Amino acid sequence: MRVSRRNFVKGAAVGAAGVAAAFPQLYIKDHGQAWGAKPWIYKDGNVKVGLLWSQTGNLSVVENDSTQVSLFAIDKLNAEGGIAGKQIEPVVVDAKSDIKVYSEKMTQLILRDRVATVHGSYTSASRRAVMPIIMKWNHLYYYPTCYEGRECMQNIINTGPLANQHSYDLVPYMVKNFGPKVYLVGSNYIWPKESNKNVKVWLERAGGEVVGEDYVPLGGSEFSPVFNKIRQQEPDWIMSTVVGDSDIALHRQFLQEGFKSDKMPIAALTTGEIETAAMGHEAGAGHFLSAPYFQDLKNPTNEWFVDAYLSSQYGGGGVTHYNMEETYLGILIWKKGVERALEEAGGDWEAITPRMIRDVSGNWNGQGPVGLSDEESPEGKVWIDPDNFNIWLKPKIGQCGSNGQFTIVKEAPEHVGPDPFAIYPERGVCKADGLHKPDGTIQKDVL
Amino acid sequence: MSVHDFWTPFALEPFISALIIGLSLASIWLVAALGLTIIYGTMGVINMAHGEFIMLGAYITWVLQYFLGFPWLLCLPISFVIVAFIGWLVERGLIRHLYDRPLDTLLATWGVSLVFIQSIRLIFGGEPQYIDTPEFLSNVVQIGFLNIPSMRIFIFGMALVLVGLTWALLYKSNFGIQVRSVMQNPQMAASFVINSSRVYGLTFAYGAGLAGISGSMFSGLKTIFPDMGLGYVVEAFLVVVTGGGELFGSLATAGIMGEMFSVFSYFTNDTFARFVLFVLIVIFLRFRPQGIFTPSMARR
Numbered sequence: 022m023r024v025s026r027r028n029f030v031k032g033a034a035v036g037a038a039g040v041a042a043a044f045p046q047l048y049i050k051d052h053g054q055a056w057g058a059k060p061w062i063y064k065d066g067n068v069k070v071g072l073l074w075s076q077t078g079n080l081s082v083v084e085n086d087s088t089q090v091s092l093f094a095i096d097k098l099n100a101e102g103g104i105a106g107k108q109i110e111p112v113v114v115d116a117k118s119d120i121k122v123y124s125e126k127m128t129q130l131i132l133r134d135r136v137a138t139v140h141g142s143y144t145s146a147s148r149r150a151v152m153p154i155i156m157k158w159n160h161l162y163y164y165p166t167c168y169e170g171r172e173c174m175q176n177i178i179n180t181g182p183l184a185n186q187h188s189y190d191l192v193p194y195m196v197k198n199f200g201p202k203v204y205l206v207g208s209n210y211i212w213p214k215e216s217n218k219n220v221k222v223w224l225e226r227a228g229g230e231v232v233g234e235d236y237v238p239l240g241g242s243e244f245s246p247v248f249n250k251i252r253q254q255e256p257d258w259i260m261s262t263v264v265g266d267s268d269i270a271l272h273r274q275f276l277q278e279g280f281k282s283d284k285m286p287i288a289a290l291t292t293g294e295i296e297t298a299a300m301g302h303e304a305g306a307g308h309f310l311s312a313p314y315f316q317d318l319k320n321p322t323n324e325w326f327v328d329a330y331l332s333s334q335y336g337g338g339g340v341t342h343y344n345m346e347e348t349y350l351g352i353l354i355w356k357k358g359v360e361r362a363l364e365e366a367g368g369d370w371e372a373i374t375p376r377m378i379r380d381v382s383g384n385w386n387g388q389g390p391v392g393l394s395d396e397e398s399p400e401g402k403v404w405i406d407p408d409n410f411n412i413w414l415k416p417k418i419g420q421c422g423s424n425g426q427f428t429i430v431k432e433a434p435e436h437v438g439p440d441p442f443a444i445y446p447e448r449g450v451c452k453a454d455g456l457h458k459p460d461g462t463i464q465k466d467v468l
Numbered sequence: 129m130s131v132h133d134f135w136t137p138f139a140l141e142p143f144i145s146a147l148i149i150g151l152s153l154a155s156i157w158l159v160a161a162l163g164l165t166i167i168y169g170t171m172g173v174i175n176m177a178h179g180e181f182i183m184l185g186a187y188i189t190w191v192l193q194y195f196l197g198f199p200w201l202l203c204l205p206i207s208f209v210i211v212a213f214i215g216w217l218v219e220r221g222l223i224r225h226l227y228d229r230p231l232d233t234l235l236a237t238w239g240v241s242l243v244f245i246q247s248i249r250l251i252f253g254g255e256p257q258y259i260d261t262p263e264f265l266s267n268v269v270q271i272g273f274l275n276i277p278s279m280r281i282f283i284f285g286m287a288l289v290l291v292g293l294t295w296a297l298l299y300k301s302n303f304g305i306q307v308r309s310v311m312q313n314p315q316m317a318a319s320f321v322i323n324s325s326r327v328y329g330l331t332f333a334y335g336a337g338l339a340g341i342s343g344s345m346f347s348g349l350k351t352i353f354p355d356m357g358l359g360y361v362v363e364a365f366l367v368v369v370t371g372g373g374e375l376f377g378s379l380a381t382a383g384i385m386g387e388m389f390s391v392f393s394y395f396t397n398d399t400f401a402r403f404v405l406f407v408l409i410v411i412f413l414r415f416r417p418q419g420i421f422t423p424s425m426a427r428r
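If you're matching them up, the sequences are chains D and W in order. Quick note on this note's numbering: the first sequence kicks off at 22 and runs consecutively. Quick note on this note's numbering: the second sequence kicks off at 129 and runs consecutively.
Quick caveat, the hints were computed from the structure, so don't treat them as lab data. You can take every hint at face value.
Pulled a few chain D residues facing chain W out of the computed Cβ check, cut under 10 Å: (1) G78; (2) N85; (3) V247; (4) Q253; (5) D268; (6) L276; (7) E278; (8) G279; (9) A299.
Beyond 10 Å from chain D on every Cβ pair, some chain W residues (computed): (10) G272; (11) F284; (12) G292; (13) S301; (14) I322; (15) G329; (16) F415.
In this text, all values refer to a predicted model and were calculated from it rather than measured experimentally. Backbone N, C-alpha and C fix where the C-beta goes; we use that ideal spot for every residue, glycine too.
I would like the entire structure built from these sequences, with the hints used as guidance.
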């Protein structure tokens, strides 16, 4: 058989028609309800909240857990009486690990489902794809994952560590214990690159040096060329911002190449309990992770959280990891925001807007920003920064043991604040109303 | 970024390591492409589910090991047999109705691939799975300054064995003669009392089985999750198309691609090497769409 160009075009057209017939939502634009003064929360309805994660595709490895833990948190809140007596109604959509679908589903959640808030995304790519839509409708997004910062938007609350909180402790710790020479390996997209810019700043302060830097494609699983260069450069440790399934291949091949984690450990920002379970305990043992949360944290709230989650109908994944915990915090913090908004609106549910929930989560009525106490948050006390609406937390460094669980080797003595422009001071300072630039002007919605 | 950050200067020892790594990459791509060489190259079926046959092979290995405690090496032939059987079912149930509409096989097998991915996700969940490999395959073999993981040596050896077996089957056995005659002219072959539908079924099954065993092998090196097939199918198609759909075309292409990728990524970096390699393949196919080796005989 030969595939001529004409035949191929024909085939492709047939294929496209088939796809179009099978997925009409791809091209039928939303012509649901007109935009208007309709309330976001009805007096006699539930509080609707959108959950925008991927249940299918390569991102589903992590994002499926995010959906499950969100549903777990919502169940918990509903069982405790909901928000001021109102039940929370989750609207779960599947973003199919496709950036375009994130945008489409976001529009659908806002315009058709009219949710009061959306929680979602694991990657910076999908966050950056949906934020223009969120800002267009002056809506509200909760992003629960570590990210690079350098943004200052008025419609988002983040519950994961920023780059400045994430590697701030890790880099000096590794330089002190293993040596100054570091090799940077990352996945090829924005977060690893921005994150490594921070790493380089901290490295300079700690007296370290970068001996090599490499990025592999997302989903790539071939690290032998990188390890060849690592062998040549002989770094003291490896800084990894490799994410997802690639991360598992990285650790397995590290072991197969004959490297030893006590001689040249990998310090990672995302290698959590899901990954160490899948790479095999031998491959994970001895490496380091910086995160605000570990499943093995010893405190009553976390012990309750791990037990309750894993024994619930949502706990099929078998582990709790930092990203799930940050997602859980996002739902709890959002609930407190809605309670304040209700008070701000004088008890009138229908007057609450998404933006109002965000604004009252900062400094409001002299009550300070919303936060969670040691009894509510598995990682310990956290609160929202009233200026940039990221989260104050205690970064922790864990070393993976031979059972796939992490032992805390260092915990920051104090809470570390989020600073989205930590390594870009010339850009200005992020405040609640926008980015205050050095020339005195205020720029809103800096994406 | 200075030039020096981008360009790694030449040094003999790591360069020789890079050449060895190129061989390893070539063997991985070749193993991934071997089944497709049969199914697409010989039978002309555009099998979009090829990556999912690889994924099934990996999952079968995982199931055998995790639930039944089979040793890893024993899982390889078993997953060959099981995936070959699944392939045979797909051919009997679906593909055989489409031989006179080759482009429709593209859509049909794409559908099959979605069914496989979602079934695996429904049954085992979306999280990555872990497979234990034998101790002697988790080591590194040191020869002078060279450090070669034994798993990569194993895959390289298996690639040669599988190519040898496939060559013997296609060109040295009675069944191979039947396959080649049926692919050239089914009516003529039928008049020589060759059961062509049986030959189609077995050939497809063999191709699927090869994908299954490759998935088993990759399970020791790479990550096992429902969407893992996507990571192999692009390279597999490139190898087969650039190789002209012939067994030795695939062998040569995989070798050249592996070495080029490894050498480029030694001097520059992984991302740039991939970019250069794909651009070169597009240019090559523009001027030589029939691939490196032109099929020596008339095809269907």
